[in-house]
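Protein chains in written order, with the numbering used here: chain A, 1 to 388; chain B, 1001 to 1316; chain C, 2001 to 2305.
These are calculated hints, taken from the structure and not from any lab test. Errors might be hidden in some of the hints.
Said to hold, decoys possible - Using 20 Å as the maximum straight-line C-alpha spacing, the simulated SDA-like pairs for lysine to any residue come out as follows: (1) A:LYS84 <-> B:LYS1308; (2) A:LYS88 <-> B:SER1168; (3) A:LYS339 <-> A:THR375; (4) A:LYS84 <-> B:TRP1292; (5) A:LYS88 <-> B:LEU1281; (6) A:LYS84 <-> B:LEU1035; (7) A:LYS26 <-> A:ALA319; (8) B:LYS1201 <-> C:HIS2093; (9) A:LYS26 <-> B:ALA1287; (10) A:LYS88 <-> B:LYS1308; (11) B:LYS1308 <-> C:TYR2089; (12) A:LYS88 <-> B:LEU1035; (13) A:LYS88 <-> B:GLU1282; (14) A:LYS88 <-> B:ALA1286; (15) A:LYS26 <-> B:GLN1037; (16) A:LYS88 <-> B:THR1289; (17) A:LYS84 <-> B:ALA1286; (18) A:LYS84 <-> B:ALA1287; (19) A:LYS84 <-> B:LEU1281; (20) B:LYS1308 <-> C:ASP2092; (21) A:LYS339 <-> B:VAL1031; (22) A:LYS88 <-> B:TYR1040; (23) A:LYS329 <-> B:LEU1281; (24) A:LYS313 <-> A:PRO63; (25) A:LYS88 <-> A:VAL77.
As the list claims (entries may be wrong) - So, partial list: chain B residues that the calculated Cβ filter (under 10 Å) puts toward chain C: (26) PHE1069; (27) ALA1102; (28) LEU1106; (29) VAL1107; (30) VAL1114; (31) TRP1292; (32) ALA1304.
Positions of the beta carbon are idealized from the N, C-alpha and C atoms, including for glycine.
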Amino acid sequence: MKRLKLLAFGAAMLLCAGAGAQQPIKIGFIGVFSGPQGSLGQDMYDAFMLVVERNGGRLGGAPVEVLREDSQLKPEVANQIVDKLIEKDRVSIIAGVTFSHVMMAIYNKVVGAEVFLVGSNASPSPIAGAQCSPFYFQTGVQNDQRAEATGKYAADKGYKRVYAMAPNYQAGKDFVNGFKRLYKQGLLEEVYTPLNQLDFQAELAQLAAVNPDAVFVFYPGGLGVQFVRQWRQSGLAGRIPLLSSATIDAMNLNALQEAAVGVVHGSPWGPDFDNPANRRFMADFEKRYGRIPSEYAAMSYDSAQLLDSAIGKVKGNVADKKAFQAALKAAEFQSIRGKFRFNHNQLPIQDFYVFGIGKDAKGRYVHQTTAKVLTDHQDAYHSQCPMK
Amino acid sequence: MTWFPEPVSLRSPRAIAVMLFLLCLGLVPVVAAALEQSFYVTLAARILILGLAACGLNLVLGYGGLVSFGHSLYVGLGAYVVGILSFHGIGSGWVHLGATIALCGLVAFLTGLVCLRTSGMAFIMITLAFAQMFFFLGVSLKQYGGDDGLQIATRSDFGAWLSIETNSALYYLTFALLLLTLYLSWRFVHARFGRVLRGAKSNLQRMRVLGFPVARYQVVAYAVSGALCGIAGMLLANLTRFVSPAYMSWTLSGELIVMVMLGGMATIVGPLLGAVVFVLLETVLAAYTQHWMLVLGPIIVLIARFAKRGLYGLLK
Amino acid sequence: MTWELAFLQALNGLQYGLLLFLLAAGLTLVLGIMNFVNLAHASLYMLGAYLGASAFAGSGSFLIAGAAAVFGTLAIGLAVERTTLLAFYARDHLDQVLATFGLLLFFNELVRVIWGPQSMYMRPPDGFTGTVSLFGALYPSYRFLVIVAGLAVALGMYLLIHYTRIGMLIRAGASNARMVSVLGVNIRLLNTLLFGMGAALAGLAGLMAAPILAVQPGMGDNVLIVVLVVIVIGGIGSIRGAFFGALIVGVVDTVGRTYLPLALRQVAERTIADAAGPALASMLIFLFMAVVLAFRPQGLFPARR
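One chain only, chain A, in its complex shape (with noise of 0.2 Å):
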């Protein structure tokens, strides 16, 4: 008898321990999947789940059960959003947050929960620096940076009457500020437009009339299509070189076409990089989703890859925060740019390059790399941030 209960004792502990192994961890996915920034959010998405599924619903060994959640591209929306991942849904994890301002939205209540935000995209300068978290990783860029390449790039090719424009919300403002910091001289002006204004032709005469040497600009998605669509028509497109960041991505270029030829872009990654884990990541996003993935998606895909190490490295028990914090902190992964370490701001340190517009063997428009930028550069504000 006594035999019979401990028995049965015994697969109870193992079918509760079994059970606790089974629980998946749950992951908010917060995106822009609707509007004209729509494709970014579903590319990082699609890049997040190609992880995911190629490990047939796993991460790091351990089940997950991702919850995509459409931030519309509004902060108070994304607010509830948070409120009901985190008290309803209690997810762990949250990823993805492609916009800045959502972010800033966000930010305090995710880590002031103690919720684990990995971020792939949006990583304005407040934090990351002094509002750094521990809770907080980025495996993208922080938003200055992929303007600084742009940036130094400028100030290599020696323009002197630079005209700059971008949206007016935290990343316009951190993309423009981070050009200045590289290309070291002052800006011939600074245009700042409405967030949700399409229609640049009043702006793009104002341009026309000052004549500069070159053009930074910085609009993410569908502003891009709609500025680069404009620069054509206006007749400026030719006649003064257009710089760019975050401006042409893949999706656009389905758009945009032969338009986006002559446009410089500057960023960490491009589709032509030959390294071992970038070439599976090309082959298997086309092969899934017939399409070639934007440098969000390959961001994106490094934050899955992370979330891999990670949760292995803790065999799946995120519940105990420091290990699973040391973990995420270690990044050992197979980075779409080959090297990957983070700073002790836990953004990334990497390098960055400039890239033109041109056609891939199978006669698509992709970015293709022009030059290498910057060697390890790691962000501006890492300094203001107190972690070690």
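Guided by the hints, dock chains B and C onto chain A, whose structure is given.
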């Protein structure tokens, strides 16, 4: 002084239903704690806040017959009072409350003076115009976040024994204010003031001929309703710890109108009922499909078509 | 500020104003003559853009896209009118606002289901992707096309209103709808005709706007508010009012958006001035409308009584 000047039959089925309804609302945090679903408190708090705003709107829309498409303005203003005062380090809840009532009441009074010079379609448009003006003003205030909105670090501080840092405490504060609003609305409507207002809604000429300075009454009603919406806004900012110009969007004004109509215009509890049903419908539908608006849109059309007296009217 | 720049900004204002006119014309007639508030006009605009962009993507021909946009929205508009809106003609404004608000939300979601939540892009038609030289200044040729088309429609409406029998009925209806029906005119048919015309114009506006703006769910919502402002400023029921009101709003908004930030930079920091500028320019329009309503509630160019 009598608390209930009009006879209220507390035994009528309607009164019992209302009391049960209010009791259920009061027990939400208890039930939620038992089920360990704190999210429901957040959701319910949101419903009560919108209900409070809808009750405010009802004073002018339901009882006054004035179709204001701009009441989200006052919700947003109340929220911004909290946001801006917090930003500058003024965290006292009493100051927030006082400033909200004063500012929203004043703005509503002044805009009411202008708006009430018009009627019909023009009135709808001009109330909308004022809401849009303030919306764009909010967008232009980059120091307070502009379009991106403003984070609020801590909730309004009402003193050590009335802390609303937890969602449950905030819920009960909202509930208390809502009950107070319902009571005051009831007194207001049955007082001479309310009767003049309702009289003007049904026959403006007659009230004027009888010598009532109708416009004066309407402006005061407008100011009071603005203040109530402002209080709702203050609570909303506390709940979300966030404020943005989106709180002043015209779609919110539209939703408030739907709630008032759905619940029952010109009834005391109707707007609250409307808020509960509307938000629950939205939440439940959203759980089934992300295209829930395909269902809710036509429902709104049907409400406009058939449910003139609203749900509360059906209960009669 | 060179005169060339001012000229280009004026053209931009004209182009925006004419787009607003296309939308305002239909809405003002429906509101003025049928006394019907139709918020779903924004949905017709959006559908016109989607149908046009899809047809253009499929056929490559702007004319086919135009036909799809105009006739498509005409059909949808009439269908919606017959099935849903008919019951609301006799109701008060509140019911109409609510019902058409529900339709607006419904259509926003419907296009999301059919075409997906992301935006669609439409190239300008071949031959209009470059610039045209106007008095020495370079202006995108597609926007010039929009101006020409808008002016053509305005002229067409003028001729229709003043030189045809139907136009006479419309003018009569705008002054006194009751009298017209008492005189034995088939008011039902006239109403349907008006509504259809409004729908077709909205569809055309959507098509013309598609290559300039992104085609996305809810694209009509914010334009709707501006259009309502236009018809209130111009005078409800008046095509003339819609025309001049639209031009005023278009120019004030465009010029304000460009020059207010420059003016504000004298007193405030750049990013603040650049945020405040366009927002204040938008505020101006509403302020203007409030002033018009306060002192001349019938509008600046009311339908003649």
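Tested hints:
| no. | hint | in the structure |
| --- | --- | --- |
| 1 | A:LYS84 <-> B:LYS1308 | violated, 34 Å |
| 2 | A:LYS88 <-> B:SER1168 | holds, 15 Å |
| 3 | A:LYS339 <-> A:THR375 | holds, 11 Å |
| 4 | A:LYS84 <-> B:TRP1292 | holds, 18 Å |
| 5 | A:LYS88 <-> B:LEU1281 | holds, 18 Å |
| 6 | A:LYS84 <-> B:LEU1035 | holds, 16 Å |
| 7 | A:LYS26 <-> A:ALA319 | holds, 12 Å |
| 8 | B:LYS1201 <-> C:HIS2093 | holds, 14 Å |
| 9 | A:LYS26 <-> B:ALA1287 | holds, 17 Å |
| 10 | A:LYS88 <-> B:LYS1308 | violated, 36 Å |
| 11 | B:LYS1308 <-> C:TYR2089 | holds, 15 Å |
| 12 | A:LYS88 <-> B:LEU1035 | holds, 11 Å |
| 13 | A:LYS88 <-> B:GLU1282 | holds, 17 Å |
| 14 | A:LYS88 <-> B:ALA1286 | holds, 15 Å |
| 15 | A:LYS26 <-> B:GLN1037 | holds, 16 Å |
| 16 | A:LYS88 <-> B:THR1289 | holds, 18 Å |
| 17 | A:LYS84 <-> B:ALA1286 | holds, 13 Å |
| 18 | A:LYS84 <-> B:ALA1287 | holds, 12 Å |
| 19 | A:LYS84 <-> B:LEU1281 | holds, 17 Å |
| 20 | B:LYS1308 <-> C:ASP2092 | holds, 11 Å |
| 21 | A:LYS339 <-> B:VAL1031 | violated, 52 Å |
| 22 | A:LYS88 <-> B:TYR1040 | holds, 8 Å |
| 23 | A:LYS329 <-> B:LEU1281 | violated, 43 Å |
| 24 | A:LYS313 <-> A:PRO63 | holds, 14 Å |
| 25 | A:LYS88 <-> A:VAL77 | holds, 16 Å |
| 26 | PHE1069 | holds, 7 Å |
| 27 | ALA1102 | violated, 23 Å |
| 28 | LEU1106 | violated, 17 Å |
| 29 | VAL1107 | violated, 14 Å |
| 30 | VAL1114 | holds, 6 Å |
| 31 | TRP1292 | holds, 8 Å |
| 32 | ALA1304 | holds, 4 Å |
The structure shown violates the earlier hints numbered 1, 10, 21, 23, 27, 28 and 29.
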